[in-house]
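With the hints as constraints, model all of the structure from the sequences given.
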Amino acid sequence: MSDASGDERVKELSAFRKALIRPELGGMVGTVAVFTFFLLFAFDSGMFNAQGVLNWSVVSAQFMIIAVGACLLMISGEFDLSVGSMIGFAGMMIAIFGVTLGWPMWMAILVTFVICVAFGALNGYIVVRTGLPSFIVTLATLFILRGFTIFIPQTVERKTIIGGIREAAEGDWLAVLFGGKILTGFFQWMGDAGIIAVFERGSRAGQPVVDGIPMLIIWALVLIVFAHILLTRTRFGNWIFAAGGDADAARNSGVPVNQVKILMFMFTAFCATVFATCQVMEFGSAGADRGLLKEFEAIIAVVIGGALLTGGYGSVIGAALGALIFGVVQQGLFFAGVESSLFRVFLGVILLFAVILNTYIRRIITGER
Amino acid sequence: MTDPIIRMQNIEKHFGSVIALAGVSVDVFGGECHCLLGDNGAGKSTFIKTMSGVHKPTSGEIIFEGKPLDFADPRDAIAAGIATVHQHLAMIPLMSVSRNFFMGNEPIKKVAGIPFFDHDYANRVTMEEMRKMGINLRGPDQAVGTLSGGERQTVAIARAVHFGAKVLILDEPTSALGVRQTSNVLATIDKVRKQGIAVVFITHNVRHAMAVGDRFTVLNRGKTLGTAERGEITPEELQDLMAGGQELATLEGSLGGTV
Numbered sequence: 001m002s003d004a005s006g007d008e009r010v011k012e013l014s015a016f017r018k019a020l021i022r023p024e025l026g027g028m029v030g031t032v033a034v035f036t037f038f039l040l041f042a043f044d045s046g047m048f049n050a051q052g053v054l055n056w057s058v059v060s061a062q063f064m065i066i067a068v069g070a071c072l073l074m075i076s077g078e079f080d081l082s083v084g085s086m087i088g089f090a091g092m093m094i095a096i097f098g099v100t101l102g103w104p105m106w107m108a109i110l111v112t113f114v115i116c117v118a119f120g121a122l123n124g125y126i127v128v129r130t131g132l133p134s135f136i137v138t139l140a141t142l143f144i145l146r147g148f149t150i151f152i153p154q155t156v157e158r159k160t161i162i163g164g165i166r167e168a169a170e171g172d173w174l175a176v177l178f179g180g181k182i183l184t185g186f187f188q189w190m191g192d193a194g195i196i197a198v199f200e201r202g203s204r205a206g207q208p209v210v211d212g213i214p215m216l217i218i219w220a221l222v223l224i225v226f227a228h229i230l231l232t233r234t235r236f237g238n239w240i241f242a243a244g245g246d247a248d249a250a251r252n253s254g255v256p257v258n259q260v261k262i263l264m265f266m267f268t269a270f271c272a273t274v275f276a277t278c279q280v281m282e283f284g285s286a287g288a289d290r291g292l293l294k295e296f297e298a299i300i301a302v303v304i305g306g307a308l309l310t311g312g313y314g315s316v317i318g319a320a321l322g323a324l325i326f327g328v329v330q331q332g333l334f335f336a337g338v339e340s341s342l343f344r345v346f347l348g349v350i351l352l353f354a355v356i357l358n359t360y361i362r363r364i365i366t367g368e369r
Numbered sequence: 001m002t003d004p005i006i007r008m009q010n011i012e013k014h015f016g017s018v019i020a021l022a023g024v025s026v027d028v029f030g031g032e033c034h035c036l037l038g039d040n041g042a043g044k045s046t047f048i049k050t051m052s053g054v055h056k057p058t059s060g061e062i063i064f065e066g067k068p069l070d071f072a073d074p075r076d077a078i079a080a081g082i083a084t085v086h087q088h089l090a091m092i093p094l095m096s097v098s099r100n101f102f103m104g105n106e107p108i109k110k111v112a113g114i115p116f117f118d119h120d121y122a123n124r125v126t127m128e129e130m131r132k133m134g135i136n137l138r139g140p141d142q143a144v145g146t147l148s149g150g151e152r153q154t155v156a157i158a159r160a161v162h163f164g165a166k167v168l169i170l171d172e173p174t175s176a177l178g179v180r181q182t183s184n185v186l187a188t189i190d191k192v193r194k195q196g197i198a199v200v201f202i203t204h205n206v207r208h209a210m211a212v213g214d215r216f217t218v219l220n221r222g223k224t225l226g227t228a229e230r231g232e233i234t235p236e237e238l239q240d241l242m243a244g245g246q247e248l249a250t251l252e253g254s255l256g257g258t259v
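Protein chains in written order, with the numbering used here: chain A, 1 to 369; chain B, 1 to 259.
Misleading hints may appear alongside valid ones.
[Stated by the list, open to error] No more than 25 Å apart at the CA atoms, straight line, and that leaves these computed lysine to aspartate or glutamate pairs for DMTMM-like:
(1) K132/B x D214/B
(2) K49/B x D248/A
(3) K49/B x D76/B
(4) K166/B x D248/A
(5) K56/B x D248/A
[What the hints assert, rightly or not] Sample of chain B residues lacking proximity to chain A, with all beta carbon distances greater than 12 Å (derived):
(6) F15
(7) S52
(8) I63
(9) K109
(10) E172
(11) R193
(12) A211
(13) D214
(14) L225
(15) R230
(16) D240
By construction, these hints were calculated from the structure, which means they are not laboratory data.
Backbone N, C-alpha and C define an ideal beta-carbon position, used for all residues, glycine too.
This is the structure we're talking about:
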């Protein structure tokens with residue numbers, strides 16, 4: 001290796017293989033494929049007019065918010081199966097604090113964030129302290145949080161759905177950040193100018209069918225940009241990769257692996273709470289069954305986006321594309337008039353393909369045979 | 001000779017009722033390659049973990065650059081200039097060479113007050129250091145997983161040297177390598193020693209030790225039988241000391257001197 005003769009055995013990688021080791025590749029190909037498919041088969045269904053675009057954008061943005069958290073956590077080498085329960089729990093806490101106890105909405109939201117992020121920290125602390133697989137620890141949290149989400153409203157309100165959140169949040173400065181819409185003037189102008197459709201009858205006649213961009217979408221974009229820069233452009237990002245790639249090696253090099261993992265659990269909990277807050281603001285109510293199976297959907301989006309289940313490798317952009325594929329297909333099948341249960345079949349198939357592809361890519365990178 | 005960089009005096013380490021080290025004393029000087037030999041279970045790993053701040057000695061003293069030393073954790077030891085290249089490499093196969101090289105010591109470039117990872121600097125330095133060690137990388141973004149075992153060891157050594165190691169502890173760097181890769185690593189050790197760095201080379205292979213070692217200390221059952229200078233001791237004597245002088249003598253005949 002000290003002479004040049006070692007060099008001729010290092011083959012130049014072909015452009016194709018170079019592209020293949022980018023984690024986003026699967027997500028990009030999938031996105032193009034999915035859009036091509038629905039442009040061909042569902043173009044006339046209204047999927048691509050203003051309302052249709054907003055419809056699948058919102059669903060995709062929901063997936064993106066939880067996928068971003070799950071993505072960084074998975075790269076750091078851990079899972080969180082309690083995301084779905086956390087969503088239900090967070091929504092319920094906001095309802096209890098804001099409606100039942102009558103706190104100002106901003107305070108209800110802030111306290112809920114603190115509680116949920118603390119639960120994330122607890123997940124992380126137990127995982128790094130006991131050395132148990134995060135799969136088991138967060139499975140326990142899944143049941144504990146879901147149990148509380150059903151128990152608390154039943155005890156204090158004698159029901160499992162608490163409404164009246166929208167009224168309680170009226171005019172609240174913080175609630176607007178989750179339930180509001182931006183660019184409403186621009187959309188009104190587009191409606192007036194005839195660029196997008198307007199309601200023709202009813203109480204909202206003259207208003208555009210899409211009256212603004214929901215904050216949910218803004219949250220998704222902000223979280224994606226933040227997480228992407230954190231992961232690829234900062235020292236902490238290097239620690240996330242290192243913690244998931246080989247925790248012992250990282251520790252030997254002075255990376256504070258435990259802190260990194262705990263922070264990633266907290267970030268995942270934060271994302272779940274953002275999701276929950278946007279959801280209760282949109283629906284105006286909190287339900288004990290909210291967020292069911294969301295943890296798996298987040299993990300699937302991340303895997304479609306090219307992250308390895310074993311950690312140490314992946315991309316936020318990939319995970320976001322995975323979430324986009326997810327949202328477009330789920331809503332697209334509805335627009336195309338396909339039986340919605342087939343969505344699950346699609347999900348299983350694409351998950352299997354993604355995992356097989358990722359394993360193959362891993363071999364290319366590490367040179368394993 | 002000048003004062004030793006690091007002096008380990010009567011180090012004892014007990015794990016519960018197990019006595020892993022029963023009073024080991026070793027001096028290491030700058031610019032020398034000090035070989036620490038011992039069979040499996042002799043206490044080599046415990047000893048270097050004590051030296052690198054992973055374990056606290058139960059009793060005994062570590063004098064580093066003339067001052068007694070008390071490391072809370074490995075980060076302190078690394079900061080003080082004691083770097084360890086572990087048997088199980090401190091390299092992450094899925095990450096690029098430059099990300100690995102700067103792992104835990106990432107260079108920072110501030111943009112609008114926000115500290116970013118300075119990839120340009122990291123890539124440039126990595127390529128330079130690798131060229132110095134004689135490794136031609138395809139690029140700084142090449143994954144460590146594509147390097148051979150010897151090249152990975154060299155990256156790890158280059159990294160330790162770049163970050164100002166005064167004492168470089170190599171934990172069995174040649175144990176899993178082929179002949180050619182071993183000679184490359186031994187050549188790297190020689191380069192590092194010539195820069196005035198103290199190298200502690202742990203091995204159970206006498207031939208590898210004899211190839212680069214200046215002084216030799218043999219550990220056996222948590223004890224040391226003293227340190228020998230190069231030329232004072234033959235490979236056979238070292239071998240005997242490591243095995244405790246027992247069965248090996250009888251095996252010698254049937255194996256024909258191959259061990």
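Checked hints:
Distance restraint check for K132/B and D214/B: the Cα-Cα separation of roughly 24 Å lies within the 25 Å cut-off, and the hinted pair is therefore satisfied. About 14 Å separates the Cα atoms of K49/B and D248/A, which keeps this hinted pair within 25 Å; it holds. Distance hint between K49/B and D76/B is fulfilled; the C-alpha atoms sit about 13 Å from each other, no more than 25 Å. For a cut-off of 25 Å, the pair hint linking K166/B to D248/A stands: about 23 Å separates their Cα positions.
With a CA separation close to 19 Å, the supplied pair K56/B and D248/A stays within the 25 Å bound. Its beta-carbon lying about 18 Å from the closest one in chain A, F15/B satisfies the requirement of being farther than 12 Å from that chain. The claim that S52/B is not at the interface with chain A is violated, since a C-beta of that chain comes within 12 Å of its own (minimum 9 Å). The Cβ of I63/B lies farther than 12 Å from every Cβ of chain A, with a closest approach of about 23 Å, so its non-interface assignment holds.
For K109/B, the shortest C-beta to C-beta distance to chain A comes to about 10 Å, within the 12 Å cut-off, and the non-interface label is violated. At the 12 Å boundary, the C-beta of E172/B stays outside the reach of chain A, the nearest C-beta of that chain being 14 Å off. Consistency note on R193/B: stated as away from chain A, and its beta-carbon is indeed over 12 Å from all of that chain's, at 17 Å minimum. A cut-off of 12 Å between C-beta atoms confirms that A211/B is not in contact with chain A; the least separation is 16 Å.
Distance check on D214/B: its Cβ is at least 22 Å (rounded) from any Cβ of chain A, clearing the 12 Å threshold; non-interface status holds. Under the 12 Å C-beta cut-off, the non-interface status given to L225/B relative to chain A holds; the minimum distance is some 30 Å. For R230/B, the requirement that its beta carbon stay farther than 12 Å from each beta carbon of chain A is met, with the minimum near 24 Å. The non-interface label for D240/B is consistent with chain A: the shortest C-beta to C-beta separation is roughly 34 Å, beyond 12 Å.
Comparing the model with each earlier hint shows violations of hints 7, 9; every other hint is respected.
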